Amino acid sequence: MKNYLKLVNFEFNRIAKLFAVLLGITLVVQLTGVMVISKGYLNMANEKIYEEMMTKAQFLEDFGRMSFIQIVKSVWFMGPIALCIAGVAFYIFLIWYRDWVGKNTFIYRLLMLPTARLNVFYAKMTSILLMTFGLVAFQLILLPIENAVMKGMVPDEFRVDMGVIQIVNSVPELALIIPNSIVELILYYGAGLMVVAILFTAILMERSFRWKGIFAGLLFSALAIVVLIAPLLLQAFVLNSFFYPIELLGIEIVIGLIVLAASIWMSGFLLRKKITV
Amino acid sequence: MIEVKAVEKSFGRKKILKGLSFTANKGEITCIIGINGVGKTTILNAIMSLTPINKGQILIDGQPVTKHTFEKITFIPDAITMLPQMTIAEAMEFMKDFYTCWNQERATELLGFFRLNLSDRISSLSKGNTAKVNLLLGLALDVDYVLMDEPFSGIDMFSREEIANVFTSHLIENRGVIITTHEVGDIEHLIDKVVLLEDGKVIKEFSAEEKRETEGKSVIDVMREVYQR
Amino acid sequence: MRKYWKFTAIFAVIVLSIGTFYVNSARSAEQYPEFEIQTVSGDAKEVKPVVLEGAYTNTSSMNYVSTNVKISAKGSAYNSRSFLDQIVGQSPTLIKEFQKKYHTFMRGKNSMVNSFFEDQQFLVYADVENKVSSLLSHDFTFQLSVLNKEDDSISSFKVKVPEAGELDHIFVEDVQLMGDEIILITQNTMRENDTFYDEKHIYTIERGNHKITSHEAIIQVPQGQLDTRIDVELVRTSPAKANDHLIMVKTERKVMEDPDGDAMTEEVIHQEILSYDLQTKEKETINLPDLQLDENQLSFYDGAVIYFMTIEGQELVVTPYSLADNQAGQVYRIPLSGEEGIAHGQMTTVKGGKLYVASSQMSPGLKIDADVIVADAQTGKTLFKGKLAVKDASEQPENFEVYLNEIVVK
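Residue numbers (our numbering), protein chains in the order written: chain A, 1 to 277; chain B, 278 to 506; chain C, 507 to 916.
Worth flagging that the hints you see were computed from the coordinates, not collected in a lab.
This one's a predicted model, so the numbers in the text were calculated from it and none came from an experiment.
Yeah, the Cβ is synthetic: ideal placement off N, Cα and C, and Gly gets one too.
Worth double-checking, as some hints may not be accurate.
Once the Cα atoms are required to be at most 25 Å apart in a straight line, the calculated PhoX-like pairs of lysine-lysine come out as [what the hints assert, rightly or not]:
hint, chain 1, residue 1, chain 2, residue 2
1, B, Lys488, B, Lys291
2, A, Lys274, B, Lys373
3, B, Lys291, B, Lys478
4, B, Lys295, A, Lys6
5, B, Lys291, A, Lys273
6, A, Lys2, B, Lys344
7, B, Lys282, A, Lys274
8, B, Lys344, A, Lys273
9, B, Lys295, A, Lys212
Where chain A lies over chain B, by a calculated footprint (3+ residues, C-beta under 8 Å) [said to hold, decoys possible]:
hint, region
10, 320-331
11, 347-353
12, 380-394
13, 415-421
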């Protein structure tokens, strides 16, 4: 356990720079977006009211009030999020391959540590999780700040005030990364964890068998997908909706856990018996 | 004792090790000699479980390799195994963190012996100094066995001398050492046992001292004999 | 320990940030206003068994997400929008009851109330399975399930739809059990060469030996001309009850294009009301020349009396017709609230000799009120009149809408 924590700390410290960069970009681009969109709205209002001589009431009826949701749905806001997701996805592969590439092959060191080799797997997995949740947590911190900035820029009558919770609940795209309840959080990110485990296993297969490994990795992933969809397919085509939806959810969760366990077991096996430097 | 028993290993279709067997004892310096590509690095990797073998068995003190074995045996490969952006101090810190058998005093001793600077980044070191750091990180562990892969390759003459001095010092005493090399010259006087490899097999295994005393032959003489065939 | 700062820092931030968010989220579950049925006049006891089901939307924010709500005289209950509840899904109240009481039987059954029939002893389910075997031919099979409530035995079987050669589509509109016979009333679409026409069809299936004993078309709906539309609708009845008769309304409409815009307007040319005796399989026309029903399915048949209902201006016009006597009773009108002489959508149902009427929409922003009225079904005398309101006026949100879709009388 102690070795695991030491490894997590070590791996996370290596991610820290990328993580900080993603945080920085998100902060700057989103804040800029808040200001640009708010200013844009104000400019439009000014133009309509002072140049085109529209009354305030008429303007509000035609164009509506400004709400934070407009900012959330813009590229200024979603762009950095997409970038962060891409960053994490990229790092899922990099976190392994960077130890094999170049003259200094750190993978030797990791594999020769007097600790279960699965701890290396767990540590890398945990680091990815930390980075992911860290980005989500950061977004949750940014939201009230950005909301306040918008409030500061747009006068009362021209805006609709919403709390952070309300904002998150109203935008379905946001609900994907910040789900509405803790049950959904565990389910979505649990599924994500399983996907990372499957990807890690595929990567380790490639590192163990090279070209044959890529094929094996794809096969493993395909098998996982089949096993996961099987209950849904059965439900639709064979069993005529035999299961109640909540039972189906239960079944899927169990299968998900089995796939996760299988991936971890396979990864452990590969690390101990088949990996090659 | 490190026992390698009838180990076979293929890379794809190519069979590199074709039934390799030898032993290395504690307190002895065993030298594995062979041309480039014969499988010297491969067998060391295999002993350390860094690459799988197809057939055969490898035992350390009678047991197969587990995670606990890594507190008993260390491997100093051809390239450094630390992150290039780490300083020497950070690399030592890392070893100290994870290995209970890390000997800080010995590490400091080696630092002075090799005249290395704690705050230097590994990426900035010359080849000779990199090899020395590598050696330091391996030898500062209180392990029973030390494996070294081509410790002298590409190193300048003076660094080579320094490194060779380590072999005679107390730093190596009582440990089992396996070195691989294709150039015996510098260290012939240090070697206890020689294992000659050809075509994936051991073609001769002998004690250097014995050959010298009984037959008056140096290691190089024996090599010439064996490889001429 | 200082080299652990990044890791511990991020861990702390994650736990605090995400934890706080979800704790707050759980605590401040959206404040929904409490609705009730306020008495305007009459005896409040009459409205006690009434439950209105619909959806509530707070339209002040740009949030158009709606939440299901059940409103009764005493108060309102909102469907929790928790994830698990969403998985469980929305089904009509009756289906949910069946799922609770007959968990095993209800597996794999669709959620349409009309597919079920319940009496003291049995719960019957019928549906049609459509297997497309080639481009032109289909294989239709009835799937039936009978639960014997006394011994909990379930009998499930399939019966091929007979003479399905020209059948293009079929679905089950009503299921009844009379004695040992399961009666399926279906809407069939027949294909004759290139023309299609609809018909209402009845299939009688023996519960014991699972065989179709008879089947016939009750009424055929000929395809209208180019600019006319004909359809036949069953008058609503209590879903799980058995009735001796089926009441159908056949309407022929002329479809015209509005010369000003692209809207289509329709005008009723001809309307016929038919009753079909399920035992004798005989059809009879009900003669009510002054009656013209519009498209809204407001009429109701309680097994003895047909209550023909239609909205005229701001009134609900009810024509009770006794099937046994073959005679219409006194027509009566119930005033509804509305704007400029037009009443909005309503829902109706009849139970225990009482007529229950409720508006299907409440939009204070558009000044649409939701009435709830209970009247004597035969005489039309208003026993209770009320409206939907927020219990505590101070709690009323700036702008909201409630759309109702079900009225249930317990």
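| field | Hints the structure fails to honour | value | When the structure is compared with the hints, numbers 1, 2, 4, 12 and 13 turn out to be violated.
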